[in-house]
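Enquirer: One line per chain: the protein sequences are A and B, in this order.
According to the numbering used here, the stretch in the first sequence is residues 1272 to 1449, in order.
According to the numbering used here, the stretch in the second sequence is residues 9 to 45, in order.
Treat the hints as calculated values from the structure; they're not laboratory data.
Each statement offered as a hint is correct.
When the alpha-carbon atoms are kept at most 30 Å apart in a straight line, the in silico DSSO-like pairs for lysine-lysine are as follows:
no. : chain 1 : residue 1 : chain 2 : residue 2
1   : A       : 1379      : A       : 1420
2   : B       : 12        : A       : 1364
3   : B       : 35        : A       : 1448
4   : A       : 1338      : A       : 1355
With the C-beta cut set under 10 Å, the calculated list includes, among others, these residues of chain A facing chain B:
no. : residue
5   : 1275
6   : 1307
7   : 1321
8   : 1365
Glycine is no exception: its CB is placed at the ideal position from the N, C-alpha and C atoms.
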Amino acid sequence: MSALSITAEELLDTLYKDIDDFSLDAGYYLTDSTYAVPELTHMMTQVYDSFTKWLKFLGLDRKTGQKQFWKRKFDCENLASLYKSYCDLLHYKTNPLSFEENFKAKKKNKSDSEGLAIGTIWYDNSTAPNSKNLHAINAIITQKPGLEKLSVIYIEPNNGSQLSLTKKQKESIWYAKF
Amino acid sequence: MVRKILKKLFKFKELEDYQQELYPKLKYVEDLRKKKK
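Using the sequences and the accompanying hints, generate a full structural model.
Expert: Pasting the structure below:
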């Protein structure tokens, strides 16, 4: 089996299609040339479970009775950046061979994509008309079960749940990094 | 040998065991697109 790899242009195109009225002021940063597409169910179960163990290992565990990993000095954007870095680290550890080693060795990398199609996005989470509630979460470019086309799945790294962003919330995205 | 006994008796874990738990192998979407010739 070979892992699906998409170019930075294909990733950006998937993001554009997900948002009706794309803000021209938004900053979208794609820093790799190719991206491996992770399997959604695996990300939502085993990977999130390991992420919480890793947070505990780093000393960022929830206190007894606390539902959130956020802290005043380590809040949503810090946690979303850490989730992205953790997933990038898994991508590296799953595919540790260099180009030359992969070429020569009998054991091959699963994927040769430079990056993983998981990003951090910042948006306005408010629902009231004249208020602002800025928030940072993660986005995964992947296939929904049973569908061939690529979709954007929004993830809350604080509890591992999948989020449905409204049209207004999607259009409020002003920063995204993949 | 001592390590094996320790692992069995006291559920002693080595760094590699922790790493396997903390860093699972990623699973990817299979590429079903036709390759260009």
